[in-house]
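Those sequence lines, one after another, are chains A and B. Per my numbering, residue 12 is the first one in the first sequence, and the count goes up by one each step. Per my numbering, residue 28 is the first one in the second sequence, and the count goes up by one each step.
Treat the hints with caution; some may be incorrect.
Here are the simulated DSS-like cross-link-like pairs (lysine-lysine), alpha carbons at most 27 Å apart as the crow flies [claimed, not checked]: (1) Lys86(B) <-> Lys106(B); (2) Lys84(B) <-> Lys106(B); (3) Lys106(B) <-> Lys90(B); (4) Lys96(B) <-> Lys86(B); (5) Lys69(B) <-> Lys84(B); (6) Lys96(B) <-> Lys84(B); (7) Lys24(A) <-> Lys68(A); (8) Lys69(B) <-> Lys24(A); (9) Lys84(B) <-> Lys113(A); (10) Lys90(B) <-> Lys69(B); (11) Lys113(A) <-> Lys90(B); (12) Lys69(B) <-> Lys113(A); (13) Lys113(A) <-> Lys68(A); (14) Lys113(A) <-> Lys96(B); (15) Lys95(B) <-> Lys84(B); (16) Lys69(B) <-> Lys86(B); (17) Lys113(A) <-> Lys86(B); (18) Lys69(B) <-> Lys68(A); (19) Lys113(A) <-> Lys95(B).
Listed below are several chain A residues computed to face chain B (Cβ distance under 10 Å; list not exhaustive) [claimed, not checked]: (20) Val15; (21) Phe61; (22) Leu99; (23) Ser105; (24) Pro120.
Keep in mind that the hints were calculated from the coordinates and are not lab data. The C-beta atom is built at its ideal place from N, Cα and C for all residues, glycine as well.
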Amino acid sequence: KAGVTQTPRYLIKTRGQQVTLSCSPISGHRSVSWYQQTPGQGLQFLFEYFSETQRNKGNFPGRFSGRQFSNSRSEMNVSTLELGDSALYLCASSLGNSGGTKETQYFGPGTRLLVL
Amino acid sequence: EDQVTQSPEALRLQEGESSSLNCSYTVSGLRGLFWYRQDPGKGPEFLFTLYSAGEEKEKERLKATLTKKESFLHITAPKPEDSATYLCAVQAEGAQKLVFGQGTRLTINP
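Please model the complete structure; the sequences and the hints are all you need to start from.
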């Protein structure tokens, strides 16, 4: 079974621009979560999408947004880029079962974003 | 607020020298505790999920254990290819997001 894929793998932007990152989950997985990884803050949760709806959201400004399509693929958008947005952006997919049922998130390779 | 603390931050071992990594956590109600391995420039690779105190899981040279307050990742007779950052994360009941620790950077010298 193919793993989680993310495109592009590397991106260089300048301050004030916007960027869109893409994530294709493992076949059959309906939940996609996005995380930001930086040396100072580690891995931090951005948001989670399930069945084309944002189900959970982390503590990031409104410049960070996302969406999910009917085939479970997801995109993340960052508008008005700041230098501090430079990071590795990771997406993770899972079945999306809520409640007490067990499930595991599997991560993609990430998109490395550099803001100049 | 859910919180995860990993220690040590970095650990350097000789090949064959066994040791343990620690993950202390506080969570409102534990749905699962996860261990991942991350190589430089790559995404985290899933290793184990633990769900309840007393549970243990093994894979090759790695063994993960869980108590009500912490988890240990024991590495037995490590090899240089075990060098990586090991991440611990918790998932609270009813939640989807993972809360990660800062990781332990493990280096195995030949």
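Each hint, compared with the structure:
1. Annotation: proposed proximity of Lys86(B) to Lys106(B) holds, straight-line Cα distance about 14 Å (limit 27 Å).
2. Proposed proximity of Lys84(B) and Lys106(B) is supported: the alpha carbons are some 20 Å apart, at most 27 Å.
3. With a CA separation close to 15 Å, the supplied pair Lys106(B) and Lys90(B) stays within the 27 Å bound.
4. Straight-line distance between C-alpha atoms of Lys96(B) and Lys86(B) comes to about 23 Å, which keeps the hinted pair within the 27 Å bound.
5. The straight-line distance between the Cα atoms of Lys69(B) and Lys84(B) is roughly 24 Å, inside the 27 Å bound, and the hint therefore holds.
6. Distance check on the hinted pair: Lys96(B) and Lys84(B) sit about 17 Å apart at the alpha-carbon level, within 27 Å; holds.
7. At roughly 25 Å between alpha-carbon atoms, Lys24(A) and Lys68(A) fall within 27 Å of each other, so this suggested pair holds.
8. For a cut-off of 27 Å, the pair hint linking Lys69(B) to Lys24(A) stands: about 21 Å separates their Cα positions.
9. About 15 Å separates the Cα atoms of Lys84(B) and Lys113(A), which keeps this hinted pair within 27 Å; it holds.
10. Proposed proximity of Lys90(B) and Lys69(B) is supported: the alpha carbons are some 23 Å apart, at most 27 Å.
11. A threshold of 27 Å between alpha carbons decides the hint, and for Lys113(A) with Lys90(B) the separation of about 20 Å falls inside it, so the pair holds.
12. Proximity of Lys69(B) to Lys113(A) is assessed by CA-CA distance (about 25 Å); at most 27 Å being required, the pair is judged to hold.
13. Using a Cα cut-off of 27 Å, the hinted pair Lys113(A) and Lys68(A) holds, with the two alpha carbons roughly 21 Å apart.
14. Distance check on the hinted pair: Lys113(A) and Lys96(B) sit about 20 Å apart at the alpha-carbon level, within 27 Å; holds.
15. For a cut-off of 27 Å, the pair hint linking Lys95(B) to Lys84(B) stands: about 16 Å separates their Cα positions.
16. Of the pairs offered as hints, the one joining Lys69(B) and Lys86(B) holds, with about 21 Å between alpha carbons and a cut-off of 27 Å not exceeded.
17. The straight-line distance between the Cα atoms of Lys113(A) and Lys86(B) is roughly 19 Å, inside the 27 Å bound, and the hint therefore holds.
18. Proposed proximity of Lys69(B) and Lys68(A) is supported: the alpha carbons are some 24 Å apart, at most 27 Å.
19. Of the pairs offered as hints, the one joining Lys113(A) and Lys95(B) holds, with about 18 Å between alpha carbons and a cut-off of 27 Å not exceeded.
20. Against a cut-off of 10 Å between C-beta atoms, the interface hint on Val15(A) holds, since the closest Cβ of chain B lies about 8 Å away.
21. Restraint check, Phe61(A) versus chain B: the minimum CB separation of about 8 Å is within 10 Å; hint holds.
22. Checking Leu99(A) against chain B: minimum C-beta separation of about 8 Å stays under 10 Å; hint holds.
23. Evaluation of the Ser105(A) hint against chain B yields a held restraint, the C-beta minimum of about 8 Å falling below 10 Å.
24. Evaluation of the Pro120(A) hint against chain B yields a held restraint, the C-beta minimum of about 5 Å falling below 10 Å.
No hint from the list above goes unmet by this structure.
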